[in-house]
Amino acid sequence: MTSEQLRKILSVRATSRFGERIGRLIAREGLLAETIDLGTDPDPRIAFRASYALEYAFAADPKRMEPHLSAFVDRYAEVSCHGAQRHFSKILALLLRQKSRRLDDRRLDRTIEVTFDRMIDRSVPVAVKVWAMEILARLADERPWIGEQLGDTIRHLMDYGGSPGLCSRGRKICRRLNEARGPRSRPECSKRNMSVPDMKTCRPASRSRAPENPDR
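Counting from 10, one number per residue, gives the positions in the sequence shown under our numbering.
No lab work stands behind these hints, which were simulated from the structure alone.
Mixed in with the good hints there might be a few duds.
Ranges between beta-carbon positions, derived for each pair [to be verified]:
1) D113 with V21: 33 to 43 Å
2) A189 with R110: 17 to 27 Å
3) M10 with S89: 24 to 34 Å
4) Q14 with Y169: 38 to 48 Å
5) K17 with K181: 36 to 46 Å
6) R152 with S79: 14 to 24 Å
7) E87 with E151: 15 to 25 Å
8) D118 with R37: 31 to 41 Å
Don't be surprised by glycine CBs; every beta carbon is placed ideally from N, CA and C.
Please build the complete structure, drawing on both the sequences and the hints.
Put into structure tokens, the structure is as follows:
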């Protein structure tokens, strides 16, 4: 099956168990590389459906993503559809649980930059921000400054109208960061802190949710 044929399948209105069905197809036909590329398709419906199915294929066998890690990270930085960002972010966060999976310096720095940008972008849904927190927390060992900056950013988002889900995950991540830094670490996120000078003009974080249905 070619990339164009896969795109045609993804262009058809989604039916029940769409993600699972297409995820199996992707795995069976060895189309992970093509599906990763379609996550940046200019048609947001194609981009979302591709990423939705990609998550199913990944969940069934995470190891199948290893040969495509560099390409996946490159596309992660390029994805513009918020629905696709949610699935790409979740996959990357899960991939980074394995400490042996390291990014080269160029991809690491680009990933950090893009992920922080999504955290403070008012248009980005909460679900994407939450996975962005996880990604950055798991990259904190690679760049020592990430921990403090991430903690400050989370505190800011919580102070400026963070949703219950964002605040709950944010507190957990702050505790993990504090534990990693030791007894002299900064206060936890439950204590107010407004020390993010470059974010003072931000408004409350978006409470919108990424669509569950591929046709929304």
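We went through each hint and held it up to the structure:
The hinted window of 33 to 43 Å between D113 and V21 holds, with their beta carbons roughly 38 Å apart. As the Cβ distance of A189 to R110 is approximately 19 Å, the hint placing it in 17 to 27 Å holds. Judged by the Cβ atoms, the range 24 to 34 Å given for M10 and S89 holds: they are separated by roughly 26 Å. Look at Q14 against Y169: about 46 Å separates their beta carbons, and that is inside 38 to 48 Å.
For the pair K17 and K181, the supplied restraint of 36 to 46 Å holds, since their beta-carbon distance comes to about 42 Å. Between R152 and S79, the C-beta spacing of about 19 Å keeps the proposed range 14 to 24 Å intact. Range check, E87 to E151: Cβ separation about 21 Å, and the 15 to 25 Å hint holds. Between D118 and R37 the beta carbons are some 36 Å apart, a value that agrees with the proposed interval 31 to 41 Å.
In terms of the numbered hints stated before, the structure departs from none.
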